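Asker: Sequence:
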Amino acid sequence: QLLGYVNTKAMAVRVMLQNHKSQDAEQHLLQLEQASRELFTDVRETILGLDMSRDDGLLLADALEEYAYHFNRFSGSPVETEISSEARALMLPSETELHLLRIVQEALTNVRKHASASRAVVKVSLEDQSLLVTVGDNGAGFDPDDPSGNGHSQFGLRTMRERAEAIGAAFQVKSKPGSGTQIAVRVDLSKEP
1 QLLGYVNTKA
11 MAVRVMLQNH
21 KSQDAEQHLL
31 QLEQASRELF
41 TDVRETILGL
51 DMSRDDGLLL
61 ADALEEYAYH
71 FNRFSGSPVE
81 TEISSEARAL
91 MLPSETELHL
101 LRIVQEALTN
111 VRKHASASRA
121 VVKVSLEDQS
131 LLVTVGDNGA
141 GFDPDDPSGN
151 GHSQFGLRTM
161 RERAEAIGAA
171 FQVKSKPGSG
181 TQIAVRVDLS
191 KEP
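Counting from 1, one number per residue, gives the positions in the sequence shown under the numbering used here.
Since the hints were made in silico from the structure, they are not lab data. Be aware that one or more of the hints could be misleading.
[Stated by the list, open to error] Derived BS3-like pairs: lysine-lysine, alpha-carbon spacing no greater than 30 Å straight-line:
1) 174 x 123
2) 174 x 191
3) 191 x 113
4) 176 x 113
5) 113 x 123
6) 123 x 191
7) 174 x 113
8) 9 x 21
9) 113 x 9
[Claimed, not checked] Cβ pair distances, simulated, as ranges:
10) 125 x 21: 21 to 29 Å
11) 86 x 140: 31 to 39 Å
12) 179 x 95: 28 to 36 Å
All figures in this text were calculated on a predicted structure; none of them were measured in a lab. No residue lacks a Cβ here, since even glycine has one placed at the ideal position from N, Cα and C.
Please put together the full structure from these sequences, using the hints given.
Answerer: Below, the structure written as structure tokens:
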């Protein structure tokens, strides 16, 4: 989608320059510049996400901390991790870990793209025979019940929900305009092999 936007803008700039409309072209070039920076960040996040999916023996806690570290560096969006010692030692099936990692990646991408947040926190803890993974931010928030909301966020939310369902986890979104967002995934450990 963003690549199509960049292509369309580039063609518009070419036409403007041919018609000697340099001021209009300059405005479009500024928009192109911003779009290319966003696209560059998207590509880096995707590469990092693919790199993190390899099975290199990292526990979920370590993988999340490593991802948050690189996400901070590449995106400039501040992310903290808070992982309890019990959750840190937990060993989960690799499929469960991968889905949880992907959910966190998508949630952080949404924070960067849509939240205008100054802070995001990834928390992992054990509660009542469940693993609880949350991603919260102090950003703009949104109405999760509004289907006309931002299409990117709705697609991302649907993807996260599907991933949670694939591992038998409960998925919850808490948000309202002006109050940030929290994504929560609860994995019932009594059902894990």
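Asker: If a hint holds in the structure, say so; if it doesn't, say that too.
Answerer: Hint check results:
no.	hint	in the structure
1	174 x 123	holds, 15 Å
2	174 x 191	holds, 25 Å
3	191 x 113	violated, 35 Å
4	176 x 113	holds, 17 Å
5	113 x 123	holds, 20 Å
6	123 x 191	holds, 22 Å
7	174 x 113	holds, 18 Å
8	9 x 21	holds, 14 Å
9	113 x 9	holds, 20 Å
10	125 x 21: 21 to 29 Å	violated, 57 Å
11	86 x 140: 31 to 39 Å	holds, 33 Å
12	179 x 95: 28 to 36 Å	holds, 34 Å
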